[in-house]
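J.: Sequence:
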Amino acid sequence: MNKKDVADFFDKCAPWWDADMIRNEKIISAILDNCGIRAGVDVLDVACGTGVLFPDYIKRNAASVTGIDISPEMAKIAERKFPQVTVICGDVEETGFLKQFDCVMVYNALPHFPNPEKLIEILAGLVKKGGRLSVAHGMSRAALHRHHAVRAGNVSIELISEDVLAAIFSKWFTVDVIISNENMYQVAGTRR
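Numbering of the sequence shown is given in our numbering, commencing with residue 1 and proceeding in unit increments.
Honestly, the hints are just simulated from the structure, not real lab data.
Treat the numbers as computed from the prediction; the structure is a model and nothing was measured.
Worth double-checking, as some hints may not be accurate.
[Said to hold, decoys possible] Here are the simulated EDC-like pairs of lysine to aspartate or glutamate, each with C-alpha atoms no more than 16 Å apart in a straight line:
no., residue 1, residue 2
1, Lys171, Glu117
2, Lys129, Asp42
3, Lys4, Glu121
4, Lys3, Glu93
5, Lys171, Glu121
6, Lys3, Asp91
7, Lys81, Asp18
8, Lys118, Glu79
9, Lys76, Asp18
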């Protein structure tokens, strides 16, 4: 999978992305709770798209929200919709950040990173000691595989099992959330 292809794919999706978004508020709330999103935290949203979770961070009174997305069109829409959020158009694996974050969220995006272990290693360096990293999807692994097979097969890899992801996390994090059921997928942990 080529990162330019990923950016191009999401640039084409950007105009209709929000209209096609299906939200399950109960699942999103659980995902945010498990990531520690609350008042006063600094949040980094990796592969933020059009800012799908930005209103949730704002509603929970996060101290600051930074989003990064490789797609210029997705980033442009997110920036326009949420001027109070810092939006970066770039590749999180190559962007130098000047600070660390209390909470780093990768929501509905892991299969678009060709090397999950490299991604988690880079993100570990962006999480403050005692901070949290969460990789989550608002659907099951099986549903995600079906979705990507139809719409995004050439710009995604198979979502790794929650146990494999937890093992990768365990190099830097104390893993305390492992969920994979018919409604959601999430692995989250605290930076040691």
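J.: Could you run down the list of hints and mark each one as holding or not?
T.: Each hint tested on the structure:
1. Lys171 to Glu117: holds, 10 Å
2. Lys129 to Asp42: holds, 13 Å
3. Lys4 to Glu121: Outside the cut-off at roughly 22 Å; violated.
4. Lys3 to Glu93: holds, 11 Å
5. Lys171 to Glu121: With Cα atoms ~9 Å apart, Lys171 and Glu121 stay inside 16 Å; holds.
6. Lys3 to Asp91: Holds: Lys3 and Asp91 sit about 9 Å apart, inside 16 Å.
7. Lys81 to Asp18: Cα-Cα ~11 Å, so holds.
8. Lys118 to Glu79: Status violated; Cα separation ~27 Å.
9. Lys76 to Asp18: holds, 13 Å
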